[in-house]
Amino acid sequence: MAEPLIRRDAWGLEEEEGTWHPILQAYALGVGVMQERDADDPLSWEYQAEVHGVASGRPPDEFRNQCQHNTWFFLPWHRMYLAWFERIVRAAVREHPEIPTDVKDAWALPYWNYDRGDSTARLPTAFREPQLSDGSDNPLFTPRRDPAINDGEPLSDWAISAQLAMEEEDFAHEAIPGLAPGFGGPITGWHHFGEGRTPAGVLEATPHNDVHGEIGGAGGLMSVVATAPLDPVFWLHHANVDRLWGVWLAQLGRENPTDTAWTGLAFDFHDEQGAPVTSTAGEVLDTEALGYAYDEIPTPALLSEPGPRRRAMPGRPLPDHPPELVGASEEKVELTGSDASVAFPVSEPSSPALLADEGRPSRVYLNVEEVEGEQSPGASYAVYLNLPDDTDADTDPEAYHVGNVSFFGIELAQDVDNDHTGGRGLRFAFDITTLVERLTEEGSWDPQQVRVTFTPLRPTEGEAPAVRIGRVGIYYQ
Amino acid sequence: MTALAVRRIGWSHPELAAAAVAAGAWALLLGHAEHPHGPGEQYLANLSGWTVMAVAMMVPGALADVRIVALSSMWPRRQRTIALFLGSYVCVWIAFGVVAVAVAAEASVGVLLALAAAWELSAWKWRAVRRCHLIEALPPRGASADAACARAGLRYGWRCVVSCWPLMLAMAAAGHQAIALMALLTVVVAAEKIVVRSARLRGPAAALLAGAALLAFV
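In order, the protein sequences belong to chains A and B.
All residue numbers for the first sequence refer to this note's numbering, where the first residue is 1 and numbers rise by one.
All residue numbers for the second sequence refer to this note's numbering, where the first residue is 478 and numbers rise by one.
Bear in mind the hints are in silico, worked out from the structure with no lab data behind them.
Fair warning: this is a prediction, and the values are worked out from it, not measured in the lab.
Note that CB positions come from ideal geometry on N, CA and C, so glycine has one too.
Heads up, some of the hints might be wrong.
[Unchecked claim] Now the in silico label distances, taken between C-beta atoms and shown as ranges: (1) A:Gly443 <-> B:Ser621: 27 to 33 Å; (2) A:Trp190 <-> B:Val695: 36 to 42 Å; (3) B:Ala482 <-> A:Ser350: 17 to 23 Å; (4) B:Ala504 <-> A:Arg360: 42 to 48 Å; (5) B:Leu524 <-> A:Lys332: 38 to 44 Å; (6) A:Gly443 <-> B:Gln556: 32 to 38 Å; (7) A:Gly117 <-> B:Leu598: 54 to 60 Å; (8) A:Glu334 <-> B:Ala482: 32 to 38 Å.
[As the list claims (entries may be wrong)] Heads up, incomplete: computed chain A residues facing chain B, CB under 7 Å, no partners named: (9) Trp190; (10) Glu324; (11) Asp339; (12) Arg471.
[Claimed, not checked] Derived DMTMM-like pairs (lysine to aspartate or glutamate); straight-line CA-CA distance at most 20 Å: (13) A:Lys332 <-> B:Glu613; (14) A:Lys332 <-> A:Glu411; (15) A:Lys104 <-> A:Asp271; (16) A:Lys104 <-> A:Asp295; (17) A:Lys104 <-> A:Asp396; (18) A:Lys332 <-> B:Asp623.
Starting from the given sequences, assemble the full structure and let the hints guide the process.
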């Protein structure tokens with residue numbers, strides 16, 4: 001097997017040779033070649049974006065409108081998508097007369113590790129410059145982003161942190177109301193977007209969905225499923241998500257599914273010659289066999305040093321009975337760019353399985369259901385459980401943070417013109433077991449008054465598109 | 478299988494009681510088929526047969542949605558939720574039957590099946606199928622939960638009627654003794670609701686219905 005090509009961090013490249021490191025310059029030129037191709041050409045920029053999603057009303061086929069979200073296929077499908085895309089770009093790079101041979105030989109898709117600290121949460125400069133070094137238009141730049149991001153403002157800390165995802169022990173959980181989805185997403189069949197009212201996996205939710213929203217803002221390319229891959233930074237963002245899958249696996253005890261329903265389902269793509277090919281999850285588990293590796297897969301020390309954000313209960317097996325709804329909000333909650341909260345009581349559990357355990361749940365989940373809106377407002381909202389009202393300087397909001405509500409794909413949630421409508425609105429399910437146990441120990445868990453607060457991660461300029469939450473509920477399992 | 482194992486299945490699948498009701502409806506119809514009504518049978522008898530037929534044909538395709546609605550409800554309300562949701566749903570089909578049984582009694586089954594085949598190819602049909610799944614989250618308890626559940630069932634029923642009206646007009650014309658046609662159309666209706674990307678079925682379903690229409694003509 002040939003040596004794998006190395007995918008390198010875009011900020012690392014910039015720190016090494018400035019904005020136009022040859023690898024980034026080659027990416028820009030390769031993207032430029034693809035953008036000039038006819039939209040019906042499978043090797044074109046537009047066609048590759050349509051593999052992810054087509055605009056409403058455009059007829060999909062077995063190659064287009066295929067992206068997998070809110071499902072355990074999210075990670076393997078996007079790995080396949082990136083691997084075939086990378087080969088298409090590399091072919092364009094290798095045919096380009098202005099690119100040196102050594103760069104052609106070494107070129108691999110860079111990734112953007114926004115959570116490396118310092119200024120890496122800012123969009124790499126090569127994506128913010130309207131012109132290339134020779135003064136021609138920069139194919140990596142698009143004005144269709146949140147203006148603040150193109151101005152070099154950093155992404156929000158809680159949008160880019162993969163800590164909650166790294167704490168999750170299981171790759172996938174059953175797709176059942178209440179249950180948190182697992183690291184990689186809930187167990188489903190083929191699942192373009194909303195075929196089954198399922199929440200996104202923990203990594204897909206944060207940082208994946210949050211970063212989409214923060215870059216795209218309200219109405220930008222990255223905020224919409226059908227247009228996100230038209231922004232050249234989409235591919236670097238997904239390369240980082242792909243890398244984080246490797247980081248998760250590097251932790252002790254983490255494993256991919258072995259079920260043939262996951263390893264064997266085939267998806268259709270085109271190779272760099274434009275020939276149809278198929279890939280399965282089982283075929284893409286070893287990235288070196290695919291021809292690439294990452295320059296760095298750090299092993300997180302989360303298992304030995306639990307931080308204040310640990311939410312799932314480590315080492316506690318998932319019960320084999322379904323979660324039980326014990327309380328939920330009566331009224332809808334509207335998010336319009338400022339803080340909002342809702343309070344509701346929680347009842348004692350009634351299901352035989354929980355009664356047999358004296359009503360003590362092994363797991364507690366917070367669900368945010370039926371999140372609807374005409375368009376994504378962009379940035380996510382942080383979700384807090386029982387955040388104290390007072391502004392005591394000792395209050396650490398992070399201690400009450402359960403995750404984020406994000407809006408990537410909200411435009412699809414009720415789109416009855418495409419064949420992927422499976423439930424009303426977006427759904428989020430957070431494992432809050434340890435937080436509830438801590439609040440109980442502190443004497444600050446009052447079942448008669450559970451309060452959930454939503455706070456925007458980024459301030460919005462002007463009026464943000466309104467988003468409605470149908471119900472907020474607590475499930476015991 | 479132990480009693481506890483059976484109970485555990487019920488915990489995860491509260492919709493099984495509704496499945497049993499649908500099975501009961503099929504048993505009633507199969508038994509009834511041995512004693513077909515004559516052409517002079519009373520309208521009310523036809524309507525009662527229609528009601529049993531609506532339960533037998535429409536409940537199976539709704540079971541997956543019913544499971545989600547029930548598991549999203551408070552535990553003591555799960556069966557109440559199912560009863561309210563499916564009760565409202567079937568009421569919509571009974572209301573449709575009040576008109577359909579009267580209107581379609583003398584109509585040609587073949588013509589109505591051909592109409593159903595054409596409807597399969599329309600965009601309106603598939604929008605209605607997709608809208609069926611847009612069930613809103615219910616309040617957790619009290620009268621507001623009951624009312625919202627009944628409303629959700631009515632809405633679900635209306636969208637199902639928009640999706641399936643020509644099929645069920647054909648059944649109204651054929652009568653509830655036409656067990657083979659009923660079984661065929663039940664499979665079509667359930668598959669359209671349950672199968673992922675079910676619009677892929679539009680061609681095969683239309684061909685199947687067109688074939689059934691031809692058979693009805695000969």
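Structure-based check of each hint:
1. A:Gly443 <-> B:Ser621: 27 to 33 Å: 32 Å, holds
2. A:Trp190 <-> B:Val695: 36 to 42 Å: Taking Cβ atoms as reference, Trp190 (chain A) and Val695 (chain B) lie about 39 Å apart, which means the hint holds.
3. B:Ala482 <-> A:Ser350: 17 to 23 Å: With a Cβ separation near 21 Å, Ala482 (chain B) and Ser350 (chain A) satisfy 17 to 23 Å, so the hint holds.
4. B:Ala504 <-> A:Arg360: 42 to 48 Å: Taking Cβ atoms as reference, Ala504 (chain B) and Arg360 (chain A) lie about 43 Å apart, which means the hint holds.
5. B:Leu524 <-> A:Lys332: 38 to 44 Å: 39 Å, holds
6. A:Gly443 <-> B:Gln556: 32 to 38 Å: Because 37 Å falls inside the window, the suggested range holds.
7. A:Gly117 <-> B:Leu598: 54 to 60 Å: With Cβ atoms ~57 Å apart, the hint holds.
8. A:Glu334 <-> B:Ala482: 32 to 38 Å: Check failed, 45 Å falls outside 32 to 38 Å.
9. Trp190: 6 Å, holds
10. Glu324: Hint holds; Glu324 (chain A) Cβ to chain B Cβ min 5 Å, cut 7 Å.
11. Asp339: This hint is violated: Asp339 (chain A) lies away from chain B, its Cβ roughly 22 Å from the closest one there, beyond 7 Å.
12. Arg471: Arg471 (chain A) check passes; min Cβ-Cβ to chain B is 4 Å, inside 7 Å.
13. A:Lys332 <-> B:Glu613: 11 Å, holds
14. A:Lys332 <-> A:Glu411: 19 Å, holds
15. A:Lys104 <-> A:Asp271: Within the cut-off at roughly 18 Å; holds.
16. A:Lys104 <-> A:Asp295: Holds, at roughly 18 Å.
17. A:Lys104 <-> A:Asp396: 49 Å, violated
18. A:Lys332 <-> B:Asp623: Holds: Lys332 (chain A) and Asp623 (chain B) sit about 17 Å apart, inside 20 Å.
Comparing the model with each numbered hint stated earlier shows that hints 8, 11 and 17 do not hold.
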